[in-house]
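Q: Sequence:
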Amino acid sequence: MPRSFQTSFPKTTGIIDCTEMFIQKPKSPTAQSRTYSSYKSHNTFKCLVCITPSGAFSFISDLWGGNTSDRYITEHSGFLDSIKPGDEIMADRGFTIRDLLTDRRATLVIPPFTKKCKWGKGKRLSAADVVKTKSIAKQP
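Heads up, the sequence shown is in the UniProt record's numbering, so the first residue is 1 and it goes up one at a time.
Possibly wrong hints are sitting among the right ones.
For lysine-lysine, the following PhoX-like pairs were computed, each having C-alpha atoms within a straight-line distance of at most 25 Å [to be verified]:
1) K11 with K84
2) K27 with K40
3) K25 with K40
Hints were generated in silico from the structure; no laboratory data involved.
Just so it is clear, the structure is predicted and the values come from calculations on it, not from any experiment.
Using the sequences and the hints given, assemble the complete structure.
A: Put into structure tokens, the structure is as follows:
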């Protein structure tokens, strides 16, 4: 495990995300519906991927239709079978799986995300969230 992870996230065993691949629009309306990704505005297949802090793939799910939620894939792909008590899994805010990990006595780490700024245009992180994000991203 890289030293940067050992210091800040010694229990992190995996970093997960779903990735989507564009596909040709199916002829069947049912297949179109199952593969249409609102996020990508296109028909896609998606899969759940987990990498270790050292960069090795530790899990790749089967393909699912693009309209399948990250939570559903996490719950039904077999990924949770590899979770051990004390594990720490890093994911983005789209993964509403804290309860699934808590049931296995594991924890979820999600980097902070921006909120609308009260003044001016754009979005800003709070000072505490900037520190937390830098810790997760390991930016100097």
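Q: For each hint, tell me whether it holds in the structure or not.
A: Now the hints, each set against the structure:
1. K11 with K84: 11 Å, holds
2. K27 with K40: Holds, because 19 Å separates the two Cα atoms, which is no more than 25 Å.
3. K25 with K40: 13 Å, holds
Violated hints for the displayed structure: none, as all numbered hints are satisfied.
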